[in-house]
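Student: Chain by chain, the residues:
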Amino acid sequence: MKTAAASSSYAFRTTNNKEYESDDRHLMPNNEQTTEQQAKRGVRKGNAKLIWRFLKGSKYLFLGSILASAVSSLADMLDPQIIRAAIDNAIGGKPSEFPVWVNDLVDRIGGFAYLGQHLWIMAAAILAVALLRVAASYCSTVIGTKASETLVKTMRDTLFGHIERLPFSWHMKNHTGDIIQRCTSDVDRVRRFVAEQLTSVLRISVYLVLSLYFMFSMNTGLTLISIVPLPFILLYSVLFRKQMDAGFRDCDENEGKVSAMVQENLTGVRVVRAFGREKAETDRFEKQNEYYTSLWVKMGRLLGRFFSTQDFLSGVQILLVFVFGAVFAIHDRMTPGEYVAFISYNSMLIRPIRMLGRMISEMSKAGVSIGRIGYIMDAEEEKDREGAGEAPMDRDIHFEHITFAYENCPDILHDISFDIKAGTTLGILGGTGSGKSTLMLLLDRMYDLEPGCGTIRIGDTDIRDIRSDYLRDNISMVLQEPFLFSRTISENIGIASEGITLEEIRSAAQAACLDDTVTKFTQSYDTFVGERGVTLSGGQKQRAAIARALTKNAPIMIFDDSLSAVDTETDAKIRSALQERFGTATIILISHRITTLSKADRIIVLENGRITEQGTPDELKSNGGIYQRIYEIQSGVREGRHITAPGTGGKEVAR
Amino acid sequence: MNRKKKEEGLPFFGIPKMMPLIRRYRKTVWVIIWTNVISAVVDVARPIFQRYALNHYVGERTLDTLVWFITLFVVMIGVQAIVNYYCIKVLMASQLRMMRDMRNDAFRHLQELSFDYYNQNAVGYIHSRVMSDTEYIGDLFTWQINDTCVFLLYIVGAVGVMLSINPRLTLLILIILPVIALFYSLFTGRLFELHREVREINSKITGHFNEGITGAKTIKSLVIEKKIEEDFRAETTNMRSKAVESARQRGVFAAVTNMASSCALAIVLWKGGVIAAEEVGTFSLFMSYAQGLMEPVRWLIETLAIFVQGEVNIVRYTKLMETKPSVTDTPEVVEKYGDAFEPKRENWEPIRGDIEFRDVDFKYPDGDEYILEHFNLKIPFGTNVAIVGETGAGKSTLANLICRFYEPTRGQVLIDGKDARERSQLWLHSALGYVLQTPHLFSGTIRDNLLYANENATAEEIDRAIRLVSAENVIAKLEKGLDSDVGEGGDMLSTGEKQLISFARAILADPKIMVLDEATASVDTITEQKIQAAIDTVIRGRTSIVIAHRLSTIRNADIILVVDAGKIVEQGRHDDLIAKKGHYYKLWSRQYEDDAISAAWEENRATPAAEPVPAE
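Those protein sequence lines, which keep their order, are chains A and B. The first sequence finishes on residue 1277 if you use this note's numbering, and the numbering steps up by one all the way, no holes. The second sequence finishes on residue 976 if you use this note's numbering, and the numbering steps up by one all the way, no holes.
Hints in this document: simulated from the structure, not taken from any laboratory. All figures in this text were calculated on a predicted structure; none of them were measured in a lab. Please note that a few of the clues may not be correct.
To be verified - No more than 25 Å apart at the CA atoms, straight line, and that leaves these computed lysine to any residue pairs for SDA-like:
1) A:879 to B:847
2) A:1163 to B:926
3) B:577 to A:1000
4) A:795 to B:941
5) B:679 to A:1215
6) B:586 to A:806
7) B:587 to A:1108
8) A:716 to B:637
9) B:586 to A:790
10) B:927 to A:1160
11) A:901 to B:710
12) A:901 to B:816
13) B:631 to B:539
14) B:587 to A:784
15) B:941 to A:1215
16) A:1163 to B:586
17) B:723 to B:782
18) B:577 to A:878
19) A:1174 to A:1160
20) B:577 to A:716
21) B:577 to A:1059
22) B:684 to B:468
23) B:577 to A:1076
24) B:577 to A:1075
25) A:678 to B:597
26) B:738 to B:708
27) A:1142 to A:1126
28) B:577 to A:1073
29) B:927 to B:716
30) A:987 to A:878
31) A:901 to B:847
32) B:723 to A:1143
33) A:1043 to A:1217
34) B:738 to B:924
35) A:1043 to A:1243
36) A:909 to B:800
37) B:946 to A:1220
38) A:901 to B:819
39) A:909 to B:702
Whole structure, please, built from the sequences with the hints as guidance.
Tutor: This is the structure in structure tokens:
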């Protein structure tokens, strides 16, 4: 229970204001535009259904928390009644106007007069009520937090799992930053909506109903008078907040600008210095900073007006109760005890009304956020076709009449057919954009072929009839741009192999020529990769990715230009280690260099999505194609012939 | 790294350090104090009104002074409204102005700090010093100080009124205060600690999302969706339990406050109930005060805790401001040439563009190994120097020394025969052109970016610069031409286009000395040729230091320096170095091979598509 005096003036400065700041300033998403665009497109249908789905596991907690808070609200309502009984009946000696059961209870203790002589009993009642209230509100806080955190957890877990299972094409289409925004800010906003706004509105309603009930039960006339100003206070609050929202958005945008300017100056520090632009930069920054400051100063005036007007209005409402209460009391339509109790109840009304104003103005934002999350949840997860299962993977691989295009793009592969004999090594030579990586993504079923656009078979099985997890587990692919996780090196290497020992990790690292590098780090294999630890060079990353792929011992291995950042000697070492360890595996090597491919059993040359040459390295060496050309350049360099070549660069030689 | 080190504490939470800042806002402090006093008086007075209404009107059954009562009350809440308005206005304005001043100071200071600072501190780290520490500090010295005053004054006022009416009852109530104050002081720290942990886990979760999305291809191909998801769930579970723990803590706090209020109320009722028989108003006054005291006590202690927390922000901010630039101009130099903000251009000698390294030893301030030892090199005006070597071999050291981003540990770098330290940094930088490997454009229009090099460049000069680097097409295809926005970091342009614009920018500066870090990133052939031509144009007729990757640039250089593992291992002209068959030979061969192969591919693609070979 709060007294009017203590709460009115500083409540806004501490609680309200800070809450307000933290709510509005930090949660304004950076890409407000997208949010608005979405809002214009109309709120998605099925929002309620989605929320219902996320509420799984937290529904009853929310219910429990609301119930507990109802109990605590009820306890709040009891104090003024005890005081009223003390003032009017126990001390004042007036006849009781309480319901019969209350009188019976008091009589059993010894009557109001007895209580008047033993006030400690009433004090004890206050404490008993306090215990009830404290217990209930503690439960409500804890259960409520558990509920909202469970909600957030469910949302995040569901989203994360869903995103992991979305097809690769979806990932390519959507911006990382945008998705993350949806998974963080929007999730948080939905949590607020459910955990704070929705439940608060329920809680506040209970509170209002209870206090109005007690007020009406004591004095209908005064209650009516006291609630007259309330709708105005509410309306004022809602309207004003709409106006402030625009101001906050403006402030936010400009804070972003100031922040970006600092960022830009720091990242471009070399350019700033080299052009001697320190002064100009400082001037520019100070100007923007001044503007930003002026916006907040303006905002401060607005906020000041808002809170002081709101305080004034509440003050008037309190005055009404004071004055009319006194009038009622003099005309014997109200006892002193009722008067005191009434003032207490009245003070309980104002805060909830103010909060309600805030809730209402914020509710509209949540719909947009749910829609943005719905966009992710609506996307369809990767699915194997009916009857997909396992198949032996140590068989020949057949590519048959493959034609493929990315969405809204021209064909990248045209009617490509070739076979890879089990246990052999195939080299694919191709320039940038020739479609060689796409071919491998198709084999790994990152993309599925459209009907009528060819088939890929392993043995006799169409790969679309093989479960995607089984297929990928048996194809070890090292990507062109290796991605490492922000974990330790050993965790990174062993990430795909459950229960792998450190020896096995080391041996994979040795085969990938990484062991020497790693053991030089002070924390060796426990060294953290990425922001929190060492930054690996491109070549080191590639080798780590290779080591990771090796631990899988898969029957099919793909190296997609994964030795490009490694020097020629290491390249050769890694390849011979591969041969040794994986003599029986089917290996596909992709490169734009020939040295890497020279030991392959067969080579295909890919250009503009078509196979232009194929054969053994020896055959291709002398058939007059691009392979031969590159072969000659490389052997020329090895023999030192390039030094005497005319011109200044390789371009002339190539012609 | 700085960020890993535990920040050392300062006496009095570092507040004395911030005194100069606070002094600037002395007026604010007075406004805060006076508004708070008024506000507290009003707050304390409210229950007195209630008491009067009860004692006088209800107790004596008269309405004689009602007009006065209403007038006074309205005046009171009116005054409070005005005072509150001022208070919020002034506090907000002061907080923001403090932030503005601190940010301006920090920004200016950062313009003077040397590169070793930038190398040792991540951009994100410095950025938070400028943006968030200042915000916390501003909040601390406005809202938090204000809150402390409000709570203290209210407590003092309420206790005063109570004492004047009934000292015995008051003292009984006051017994509760120290007990809860002690409780709060003991546990507030843990509460804040939990908040911090929750925030940390939260940012980890964002990190997981980031990894799960950017690494989708890898995760799928390794079939580790389950593992990644499990790890994610472990983190969210951890998050939930930490958040619930923090809720428990908060719940206990609220419960204690609540219980304390009720105890106070119970005491009033028990020991003060008799008062109600004569003066209901006085009784209700005690009830109001007794219950209203506990929350302010709790908030007061929370505010104090915020001050303790804020220390770290002050420490970090002052540390930034107290960092001294390692490259500075001597007072004599500043006297003659001016500093970065107030240059005395009238005293500047024109620059010729001769550079000489004389017996230079150099090691980076955070390194242990000497990179240069007794290094001598003369670079007369118009010489083209190419620096070659593996990535990460330390090729930028010489460029850093010439730009005076670092100074030699021993020995001298001479510009036009005079030690660089005898002239101001701005003098040198005004005569330098600098093109980075990853060109850095500032947000704004293309014109803004070009004018960056030379504010007074005329339209003709801009045109000429653009033509010289053949960037006309880049401009032409943009809707607003030169006035098109390039986006943050120039993101609206491709890498190749950014390169060309940054060359044009360098030409506009018309520097005598050009420092250039060639890009390794591959661009399409046409852009590549344009860039190559632009480089030739840019370095013609100037002293140039090029960190080179292009064969033509290297081959045509007057001096080639070969860097390996941080040291200069070979030096000379192309033919001599080739004949040596050492490092340079290897580097050249590899570069040659790569160039030749990509050229072969390019050319092959340009010829009509060959007939597909039928599958066997």
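Student: Look at each hint and say if it fits the structure.
Tutor: Now the hints, each set against the structure:
For the hint linking residue 879 of chain A to residue 847 of chain B, the alpha-carbon distance of about 12 Å falls within 25 Å, and the restraint holds. About 22 Å separates the Cα atoms of residue 1163 of chain A and residue 926 of chain B, which keeps this hinted pair within 25 Å; it holds. Taking the CA atoms of residue 577 of chain B and residue 1000 of chain A, the gap is near 21 Å; set against the 25 Å cutoff, the hint holds. A distance of roughly 50 Å separates the Cα atoms of residue 795 of chain A and residue 941 of chain B; the hinted pair therefore is violated under the 25 Å criterion.
At roughly 52 Å between alpha-carbon atoms, residue 679 of chain B and residue 1215 of chain A are farther apart than 25 Å, so this suggested pair is violated. Taking the CA atoms of residue 586 of chain B and residue 806 of chain A, the gap is near 21 Å; set against the 25 Å cutoff, the hint holds. With a C-alpha separation of about 14 Å, the suggested pairing of residue 587 of chain B with residue 1108 of chain A holds against the 25 Å cut-off. Distance hint between residue 716 of chain A and residue 637 of chain B is fulfilled; the C-alpha atoms sit about 11 Å from each other, no more than 25 Å.
Of the pairs offered as hints, the one joining residue 586 of chain B and residue 790 of chain A holds, with about 16 Å between alpha carbons and a cut-off of 25 Å not exceeded. Between the alpha carbons of residue 927 of chain B and residue 1160 of chain A the distance comes to roughly 22 Å, so the proposed pair stays at or under 25 Å and holds. Distance restraint check for residue 901 of chain A and residue 710 of chain B: the Cα-Cα separation of roughly 21 Å lies within the 25 Å cut-off, and the hinted pair is therefore satisfied. This hinted pair checks out: residue 901 of chain A and residue 816 of chain B have alpha carbons roughly 15 Å apart, not beyond 25 Å.
For a cut-off of 25 Å, the pair hint linking residue 631 of chain B to residue 539 of chain B stands: about 20 Å separates their Cα positions. For the hint linking residue 587 of chain B to residue 784 of chain A, the alpha-carbon distance of about 14 Å falls within 25 Å, and the restraint holds. Of the supplied pair hints, the one linking residue 941 of chain B and residue 1215 of chain A holds, its CA atoms being roughly 23 Å apart against a limit of 25 Å. Straight-line distance between C-alpha atoms of residue 1163 of chain A and residue 586 of chain B comes to about 23 Å, which keeps the hinted pair within the 25 Å bound.
A C-alpha spacing of about 21 Å is found between residue 723 of chain B and residue 782 of chain B, which places the hinted pair at or below 25 Å, so the restraint holds. The suggested pairing of residue 577 of chain B with residue 878 of chain A is violated, with an alpha-carbon distance near 32 Å, which exceeds 25 Å. Proposed proximity of residue 1174 of chain A and residue 1160 of chain A is supported: the alpha carbons are some 22 Å apart, at most 25 Å. Among the hinted pairs, residue 577 of chain B with residue 716 of chain A is inconsistent with the structure: their alpha-carbon atoms are about 81 Å apart, more than 25 Å.
Distance restraint check for residue 577 of chain B and residue 1059 of chain A: the Cα-Cα separation of roughly 13 Å lies within the 25 Å cut-off, and the hinted pair is therefore satisfied. Between residue 684 of chain B and residue 468 of chain B the alpha-carbon distance is near 13 Å, which keeps this suggested pair within the 25 Å criterion. With a C-alpha separation of about 23 Å, the suggested pair residue 577 of chain B and residue 1076 of chain A falls inside the 25 Å cut-off, and the hint holds. Between residue 577 of chain B and residue 1075 of chain A, the direct Cα distance comes to roughly 23 Å. Compliance with the 25 Å bound is thereby established for this hinted pair.
In summary, the hint linking residue 678 of chain A to residue 597 of chain B is supported, as the alpha carbons are separated by about 16 Å, within the 25 Å threshold. Restraint check for residue 738 of chain B and residue 708 of chain B: satisfied, since their Cα atoms lie roughly 23 Å apart, inside the 25 Å limit. Distance restraint check for residue 1142 of chain A and residue 1126 of chain A: the Cα-Cα separation of roughly 19 Å lies within the 25 Å cut-off, and the hinted pair is therefore satisfied. Between residue 577 of chain B and residue 1073 of chain A the alpha-carbon distance is near 23 Å, which keeps this suggested pair within the 25 Å criterion.
With a C-alpha separation of about 18 Å, the suggested pairing of residue 927 of chain B with residue 716 of chain B holds against the 25 Å cut-off. For the suggested pair residue 987 of chain A and residue 878 of chain A, the alpha carbons sit about 21 Å apart, so the restraint of at most 25 Å is met. Straight-line distance between C-alpha atoms of residue 901 of chain A and residue 847 of chain B comes to about 23 Å, which keeps the hinted pair within the 25 Å bound. Annotation: proposed proximity of residue 723 of chain B to residue 1143 of chain A holds, straight-line Cα distance about 22 Å (limit 25 Å).
Using a Cα cut-off of 25 Å, the hinted pair residue 1043 of chain A and residue 1217 of chain A holds, with the two alpha carbons roughly 22 Å apart. Under the criterion of a C-alpha separation no larger than 25 Å, the hint pairing residue 738 of chain B with residue 924 of chain B is consistent with the structure, at around 21 Å. For the suggested pair residue 1043 of chain A and residue 1243 of chain A, the alpha carbons sit about 21 Å apart, so the restraint of at most 25 Å is met. The straight-line distance between the Cα atoms of residue 909 of chain A and residue 800 of chain B is roughly 22 Å, inside the 25 Å bound, and the hint therefore holds.
Of the pairs offered as hints, the one joining residue 946 of chain B and residue 1220 of chain A holds, with about 21 Å between alpha carbons and a cut-off of 25 Å not exceeded. Pair hint residue 901 of chain A plus residue 819 of chain B holds up; C-alpha atoms about 23 Å apart against a cutoff of 25 Å. Proposed proximity of residue 909 of chain A and residue 702 of chain B is supported: the alpha carbons are some 18 Å apart, at most 25 Å.
In the structure shown, a violation is registered for the earlier hints numbered 4, 5, 18 and 20, in ascending order.
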